[in-house]
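Make the full structure from the sequences, and use the hints.
Protein chains in written order, with my numbering: chain X, -13 to 304; chain C, -13 to 304.
Everything labelled a hint here was simulated from the structure, so no lab data went into it.
You may find that some hints are simply not true.
To be verified - Straight-line distance between alpha carbons at most 30 angstroms, and here's what the computed DSS-like set of lysine-lysine pairs gives: (1) 260/X to 157/C; (2) 155/C to 155/X; (3) 155/X to 157/C; (4) 265/C to 260/X; (5) 265/X to 155/C; (6) 155/X to 260/C; (7) 157/X to 260/C; (8) 265/X to 260/C.
To be verified - Quick look at which bits of chain C chain X covers, simulated, 3 or more residues with Cβ under 8 angstroms: (9) 113 to 126; (10) 132 to 141; (11) 154 to 167; (12) 238 to 245.
As the list claims (entries may be wrong) - Label-pair distances were calculated between CB atoms; the ranges are: (13) 70/X to 5/C: 58 to 66 angstroms; (14) 188/C to 160/X: 43 to 51 angstroms; (15) 188/C to 188/X: 51 to 59 angstroms; (16) 24/X to 61/C: 54 to 62 angstroms; (17) 189/X to 73/C: 48 to 56 angstroms; (18) 159/X to 155/C: 22 to 30 angstroms; (19) 24/X to 253/C: 45 to 53 angstroms; (20) 299/X to 276/C: 37 to 45 angstroms; (21) 189/C to -4/X: 50 to 58 angstroms.
All of these numbers come straight from a predicted model, not from anything done at the bench.
Backbone N, C-alpha and C define an ideal beta-carbon position, used for all residues, glycine too.
What follows is each chain in one-letter form.
Number of protein chains: 2
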Amino acid sequence: MSVLGIDLGGTKIAAALFSAAGDMVSKESVALHGKKGSEVGGLVTELVEKFLRTSAESGITAIGVCVPGISRISSGTVWAPNIPGWDDYPLLKELQDVCGSIPVVIDSDRACYILGENWKGAAKGCSDAIYLSVGTGIGAGILINDTILRGAHDIAGCIGWMALDGHFKDKYIPCGCFEYHASGEGIAKVCRELLQETTEYDGILSDKALDDITAADVFSAYDQGDGIAREVIDQCIRFWGMAIANLISLFNPEKIIMGGGVFGPAARCIPEIKAEADKWAQPISVTQVSIEHSRLGGDAGVYGAAYLALKSIKPIDK
Amino acid sequence: MSVLGIDLGGTKIAAALFSAAGDMVSKESVALHGKKGSEVGGLVTELVEKFLRTSAESGITAIGVCVPGISRISSGTVWAPNIPGWDDYPLLKELQDVCGSIPVVIDSDRACYILGENWKGAAKGCSDAIYLSVGTGIGAGILINDTILRGAHDIAGCIGWMALDGHFKDKYIPCGCFEYHASGEGIAKVCRELLQETTEYDGILSDKALDDITAADVFSAYDQGDGIAREVIDQCIRFWGMAIANLISLFNPEKIIMGGGVFGPAARCIPEIKAEADKWAQPISVTQVSIEHSRLGGDAGVYGAAYLALKSIKPIDK
Chain X
-13 MSVLGIDLGG TKIAAALFSA AGDMVSKESV ALHGKKGSEV GGLVTELVEK
37 FLRTSAESGI TAIGVCVPGI SRISSGTVWA PNIPGWDDYP LLKELQDVCG
87 SIPVVIDSDR ACYILGENWK GAAKGCSDAI YLSVGTGIGA GILINDTILR
137 GAHDIAGCIG WMALDGHFKD KYIPCGCFEY HASGEGIAKV CRELLQETTE
187 YDGILSDKAL DDITAADVFS AYDQGDGIAR EVIDQCIRFW GMAIANLISL
237 FNPEKIIMGG GVFGPAARCI PEIKAEADKW AQPISVTQVS IEHSRLGGDA
287 GVYGAAYLAL KSIKPIDK
Chain C
-13 MSVLGIDLGG TKIAAALFSA AGDMVSKESV ALHGKKGSEV GGLVTELVEK
37 FLRTSAESGI TAIGVCVPGI SRISSGTVWA PNIPGWDDYP LLKELQDVCG
87 SIPVVIDSDR ACYILGENWK GAAKGCSDAI YLSVGTGIGA GILINDTILR
137 GAHDIAGCIG WMALDGHFKD KYIPCGCFEY HASGEGIAKV CRELLQETTE
187 YDGILSDKAL DDITAADVFS AYDQGDGIAR EVIDQCIRFW GMAIANLISL
237 FNPEKIIMGG GVFGPAARCI PEIKAEADKW AQPISVTQVS IEHSRLGGDA
287 GVYGAAYLAL KSIKPIDK
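Quick look at the structure:
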């Protein structure tokens, strides 16, 4: 017996086979190459069919899918803002058509990340923990008393929209204040803004065309002591610290796990982020929480998806 | 059959008798007059004994108590920062000593406010709703899927500590950023700061000694078109709007109820607060929430306490 965990991201699909004991047996990825709408659905079902074929012996008994957006549980459709045409995509139906009687469970990436870390990663043993995912965008998977916070309409955890900056600016309209300043996209954007405002700069970031600068470039320049990069990352540390402080004051969690593509390189900033959070947060709560780096890294999604699958067929001992 | 709801505040104790159907039958209050420690405990038990005596006929079958701080459920002790000597006060034991076999349930004011509004007030029928209490301090009672959010150590909902202002200031240390700017105490404090900074002011607030200015004075001056008062309240509206936006983006609730002593006079600002929240919050979530004024007003605490009591003895149809 085995289960399949699928992690559909904005640029690739990863699929991993897990044993009944929860060990990852094999994994593979397929790039989206800018595909849209039903082409992406087709890639997912192809990958699932391939695993069903090649794993006929071990017998896949359930499938979990992690999607980059909202899983509408009642309708089985998915809203994924970064996949064109996925406003209300009938993913569950398409998968059920190829999976027959094998149960399929779909959930948001936020939910899968914290479920994965809670099952096999940094949040093991916690009942109240939060995964702060900082990648292209920002989201939070929030576990309260062993249950995912979903909200009245399945869109809780949209922490990228957190108001942190005192006065509203129009540039926050498309993505929210926190995401504007401290996501992967945000790091690149804020850096470009600073470079445009700075006339006397001739540091390493000036070697690149402004539009080509990425968050990775900013971290690389930061490591080399670049002043602009330092300013950008210091600002991020401030916003990450404030956001974490707000999670601590509101949720009084046991752990906050920092993950996503930016953590990654930003993992080195966790001590400074903690120091910033210390200043703002409820002073008792802040002593009761541990702020840690994701242990599953880029695999948090497939682990969470596999957990959904396993849980759909049997009770799981965490 | 009846139940007793007790609301222990920072300045008075209110007690109300409720019928089994949940109707308030009678109510009375006792001022604390600056009493401390076990004197306050004595006032609570005296009031309970009096109700037990005078209601012998109707038969009080359970007692609920709303406390201004943290109810440590496992130990039955209470931390109430505004009652000197109540760091770990054994309220449950003291009450059990006078109540005998009658069950006693203690919970925080935040929890009681949202439970009361959910039972008989503005949040009736909701499974996911938040009570934002703005009085001397600020707190939030958060109902998720019909269950109070407690956190890992019973101190969730400490929204007064919410970081909203971009850069930390030392003045936030004792109470938190949001509470500093937008609580009842905060309104008075910010107004005093502005008056001290403004040399040319001779408006109505200059009739009062600086230290005597209260939030009520600021609202009264605001109603009379005073410029400083307008500035203070406008700043509060901005912070209230940001905080509500953050609750919307994180919790995706059905309703947010504005209550506490400041709402009261600030109820008139709710349309402006909504407009501010609209700018910051997750754009889908913000269309799914209703922001409303408390319907129970100063009685939210006794209603919530009575609900705790009733629920301890029978299932309640909400």
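Here is how each hint holds up against the structure:
no. : hint                               : in the structure
1   : 260/X to 157/C                     : holds (20 angstroms)
2   : 155/C to 155/X                     : holds (22 angstroms)
3   : 155/X to 157/C                     : holds (25 angstroms)
4   : 265/C to 260/X                     : holds (29 angstroms)
5   : 265/X to 155/C                     : holds (9 angstroms)
6   : 155/X to 260/C                     : holds (17 angstroms)
7   : 157/X to 260/C                     : holds (20 angstroms)
8   : 265/X to 260/C                     : holds (29 angstroms)
9   : 113 to 126                         : holds (count 3)
10  : 132 to 141                         : holds (count 8)
11  : 154 to 167                         : holds (count 4)
12  : 238 to 245                         : holds (count 3)
13  : 70/X to 5/C: 58 to 66 angstroms    : holds (59 angstroms)
14  : 188/C to 160/X: 43 to 51 angstroms : holds (46 angstroms)
15  : 188/C to 188/X: 51 to 59 angstroms : holds (54 angstroms)
16  : 24/X to 61/C: 54 to 62 angstroms   : holds (58 angstroms)
17  : 189/X to 73/C: 48 to 56 angstroms  : holds (53 angstroms)
18  : 159/X to 155/C: 22 to 30 angstroms : holds (28 angstroms)
19  : 24/X to 253/C: 45 to 53 angstroms  : holds (50 angstroms)
20  : 299/X to 276/C: 37 to 45 angstroms : holds (39 angstroms)
21  : 189/C to -4/X: 50 to 58 angstroms  : holds (55 angstroms)
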